[in-house]
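Participant: Based on these hints, arrange chain B on the given structure of chain A.
2 protein chains.
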Amino acid sequence: MSTSAAGAASPETPPDTPVTATARRARAAAAALAPLPRTPRDAALLAVADALVARSAEIVAANAEDVSRAQAAGTADAIVDRLTLTPERIAAIAADVRDVVALPDPVGEVVRGSTLPNGLELRQVRVPLGVVGIVYEARPNVTVDAAALCLKSGNAVLLRGSSSAYASNTALVGVLRDAVAGAGLPADAVQLVPGESRDAIRELMRARGLVDVLIPRGGASLIRTVVEESTVPVIETGVGNCHVYVDARADLDMALRILVNSKAQRPSVCNAAETVLVHADVAEEFLPRALAALREAGVTVHGDAAWQKADTAVVPATDEDWATEYLGYEIAAAVVPSLDAAVAHIRSWTSGHTEAIVTGDTEAARRFTALVDSTAVMVNASTRFTDGGQFGFGAEIGISTQKLHARGPMGLPELTSTKYVVTGSGHVRD
Amino acid sequence: MSTSAAGAASPETPPDTPVTATARRARAAAAALAPLPRTPRDAALLAVADALVARSAEIVAANAEDVSRAQAAGTADAIVDRLTLTPERIAAIAADVRDVVALPDPVGEVVRGSTLPNGLELRQVRVPLGVVGIVYEARPNVTVDAAALCLKSGNAVLLRGSSSAYASNTALVGVLRDAVAGAGLPADAVQLVPGESRDAIRELMRARGLVDVLIPRGGASLIRTVVEESTVPVIETGVGNCHVYVDARADLDMALRILVNSKAQRPSVCNAAETVLVHADVAEEFLPRALAALREAGVTVHGDAAWQKADTAVVPATDEDWATEYLGYEIAAAVVPSLDAAVAHIRSWTSGHTEAIVTGDTEAARRFTALVDSTAVMVNASTRFTDGGQFGFGAEIGISTQKLHARGPMGLPELTSTKYVVTGSGHVRD
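In order, the protein sequence lines correspond to chains A and B.
Anchor point for the first sequence: position 412 equals 412 in full-length UniProt numbering, and the numbering is continuous, going up by one each time.
Anchor point for the second sequence: position 45 equals 45 in full-length UniProt numbering, and the numbering is continuous, going up by one each time.
Pulled out of the complex, with its shape left as it was, chain A reads as follows:
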C-alpha cells in the first residue's frame, strides 16, 4: 500500500453547464439504479421494447425530418438508408431489446471470494460502472442498443449521437425515458447530451468525477479526439487495420476463401481486412489467384513491387496504404520473406484489432499467436469473426482495441466494475 502526503481528496467538480447538469442527473439516477436487483431493470427494458413498437409512428415522423435534411444536403443513398427508420426496423430494434433482457445479469456476480486465514469473508462483486457516456455516429439504432445494454448492466447512460440523427435520437430517447419512468425507474437513467455543437462533446470529455467512462463509437478521427482530449476514462473502440497473413505452409484454397471473406464480405466494418501479407515461398502461386479473386470481388489492390509485378492493375503501395483503414473495396498487399517479417509489419502498422494467419504449420500458428499483440488473433479463420455476437456474448457495446479494462468485443460484464465486500466480526489489524 502506498504512503502518501496529506491532501484534499474530494472529487473534482467540473463547472456547471447544461452538459454537467445532465451528467449530475445521470449520477443521481445511477445511484438509484446500482442497488436494484435484476427484476425491475428487466421490467423497464420490456416496457421500452413495448413502447418502441407502440410509438413507432411518432419515431418514424421524427426520423423523416432527419432523412429529408440528409437528402437535401445531398447525402449518399447508402448513408440515408442507414439513417432511415421504418416500423419494421423499429420492431427489429425492439426485438433486440428483448434479447438483451434475456441475457444473464452481470450485476452482483461474485467474481472472486474466499475466507481469509483470519476469518474475514472476502467477496469481489460486480457492480455497475455508474454513468456511461457513448459518443457515436450515424445510425439511430445505436441509441436504443446502447441504452438497453447500459440499463441491463445497471448503468445510467449519456448519449451523444450524430447531429444528422438529432430528431430521431430525441424522439427515441423520449420514448425510452417515458417507458423507464413508467416502470418506476428514474427517467434520467437515459439522457441525450444537450446541444448539437462539438462543445457538448468537449464538456462531456472533461466531466471527470461525474462520468465514469466514455465510449466513442465511430470513425478514427472521432476516436482519436476523445482519446487525446478526455480526462474521463475512455475505452477506445473500433478502428480496425486488420491483416491476413498467408504463411508458407498455407492451404492456398483456404487462404483465398479467408482473404476474400475478410476483405469483401462486408468491407465497411472494423473487422474487415485492410492488408494481406503473403510469404515469399507461396507468392508465385498465390498472387495471381488472389488478384483474380479480389478483382472478381471488386477490390482494388495497392501492392508492393512483387504484387505490382504480378499484375499491372495493382496500384503502387505507400506507407500511407499500410496505415489506412480503407473500409471499402481496397486492400494493401505485400510479400514478406518470413513469418517474423509479417509479424514485424503487423506490429508496425496495426491498430491492434484483429490479425489472421492461414497456415497448416502448428509451430507457425503458435509463433504468430504469441508474437502478434492484437485484440484477436485468428488461426485459419476470417478476421470478420471478431464480434460480440459471433463470440456468443449476445450483445456488444463496441470492440475495444485498448488493453485496459476490456479488450475485444465488449458485452455486459465489460460494462461493470467490481467492489470488494469484506465481512468480519470486529476484526482489527495487529
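By construction, these hints were calculated from the structure, which means they are not laboratory data.
In this text, all values refer to a predicted model and were calculated from it rather than measured experimentally.
Mixed in with the good hints there might be a few duds.
The list treats identical chains as interchangeable, and a pair is accepted whether it falls inside one copy or across any two copies.
When the alpha-carbon atoms are kept at most 20 Å apart in a straight line, the in silico SDA-like pairs for lysine to any residue are as follows [claimed, not checked]:
1) K419 <-> G388
2) K419 <-> A344
3) K309 <-> E284
4) K309 <-> A283
5) K419 <-> A395
6) K419 <-> D105
7) K419 <-> P37
8) K419 <-> A47
9) K419 <-> G108
10) K419 <-> P194
11) K419 <-> G392
Facilitator: Below, chain B alone, put in the same frame as chain A:
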C-alpha cells in the same frame, strides 16, 4: 460492431526525446518478454534477488549520497529513515523478490474459453500489458518491488522515482538490469526514466502508443496531475479518504476497537480512516467513549456541533475537513440522523477507497454495502484490511480507486490484459 469512416489507423508517434527513446527501448523489450514462458522470467527474478544481496555495499554507498543530501536539506528524521537502505533492508527487499517468484504466473491463463456453435475454438488468454510506467515518491524499495511485479507479469517497466532517491534508484536499477541481462532477458525490461526534472514526467504522460499504462503511486497532487494531463491510460491509486460509520445497532465496544484501529494503527497510509460518522441514536453513549479512546491514541478530532458539544477539545469541522486525507493523528467526525444520511455524506466526500460500517443489523449491513460505491466496503472490520497482502494476493503494485480495469488492491493479474485466440479450419462468415 461499429461502422467507421475511413482513416489512417497507424499508432501515434510521440516526438523523439530521451524519454520517448527510453520508452521505445522498453517497447522492444516488452515484445521480447511477451512470448516467454514462466521459467526464464522467474530465473531473471532469482538472479535479481541474488544480485541485490551480492552488491548491497554498492547500493548502500549510493544510498548514502541521497541520505546525506536529505539530511543537509533538513528533511524530517522519519522521511530520512524511510529513504535509508542498509544491508539488512536490502536482504529483506531481495526476500520480497523471491516471494514474487513463488506467486502463480498470470500470463497465459485462459480466462474464458469455449467452442462456438460453428466449431471455432475461442480462448481469451492473459497477456502482459506491455510497457508499464510507474511514477512514485519516496522509498527506494518501490523501485525493486515494482520492477519485480512487472517482470513477473511479463511487462517492461519504466520507473520514475523521487528525485530525493535518485542515486539509490540509479544504483538499484543498474543492479537489476545487469541481473536481468545476465539471465538472458533484455536489460531494457527495467529502465529508469532519464532526467530529474518534472518535464520527464510530462513526456512520459504524453507517450501514448509507447507506454501502455501509467500508475502513479504517491500523494494526491501527483496523482491528480497524472490523471489530468496523461494521454497514456492511467490507473489511479491510493488516495484514501476512508470513513467508519457506527450504526444505531452497533456493538459499541467493537465500534471503538474498529475506529481506533482504522484511524491510529498506521495513520500515514491510504486505508487509514479519516472521518467517523455516528448514528444519532448511539451518539450520547458513543461520543464520550470515542473521544477518550481517540485522545489516548493521540488523535485530534475535528467535529460537527454534536461532537463539539461532547468535548471542548474538539476542533470545529469545516467542509475542508470532510474532504481531507489527513494521513496523521487527526480525524473528522459527525453525527448523522440515519444510515442513509451516512451514505449521503460518504458519497459526497469519499475518494472511493474504503468505508466501514459497524452494525449488528443485517439489513443495515446489506443496505450500506449496496449503496456505498467504493473500492471496498467493510462490515464489522477495520478499514486497514484493504491491502493486497491482507487480501491474500501475495503482492500489490498499488490500490486502484478507479472503476476501469482494476479496482482495489492490484496484484499480478491486474498487470495483464487479455487477447482472444480463435482457431478454425478455414472458417468464413456467411
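Participant: Confirm or reject each hint.
Facilitator: These are the hints, each one checked on the structure:
Only between protomers do K419 and G388 lie at most 20 Å apart by alpha-carbon distance; the minimum there is 14 Å, versus 25 Å within a single protomer. Only between protomers do K419 and A344 lie at most 20 Å apart by alpha-carbon distance; the minimum there is 18 Å, versus 40 Å within a single protomer. Taking CA atoms no more than 20 Å apart as the test, K309 paired with E284 passes inside one copy only; the shortest distance there is 10 Å, against 91 Å between copies. With identical chains, the CA atoms of K309 and A283 are at most 20 Å apart within one copy only, with a shortest distance of 11 Å there and 88 Å across copies.
In the homo-oligomer, the alpha carbons of K419 and A395 lie at most 20 Å apart only across protomers (19 Å), although the nearest pairing inside one protomer, at 24 Å, exceeds that limit. In this assembly of identical chains, the alpha carbons of K419 and D105 lie at most 20 Å apart only when taken from the same copy (16 Å versus 24 Å across copies). Taking the closest pair of Cα atoms, K419 and P37 come within 20 Å of each other only inside a single copy of the chain (16 Å); across copies the shortest separation is 31 Å, beyond that limit. Taking identical chains as interchangeable, the C-alpha atoms of K419 and A47 are never at most 20 Å apart, the minima being 30 Å within one chain and 37 Å between chains.
Only within a single protomer do K419 and G108 lie at most 20 Å apart by alpha-carbon distance; the minimum there is 10 Å, versus 25 Å between protomers. Taking the shortest alpha-carbon separations for K419 and P194, neither the intra-copy value of 32 Å nor the inter-copy value of 37 Å comes in at or below 20 Å. Taking the closest pair of Cα atoms, K419 and G392 come within 20 Å of each other only across two copies (16 Å); inside a single copy the shortest separation is 26 Å, beyond that limit.
Hint compliance for this structure: hints 8, 10 are not met, and every other hint is.
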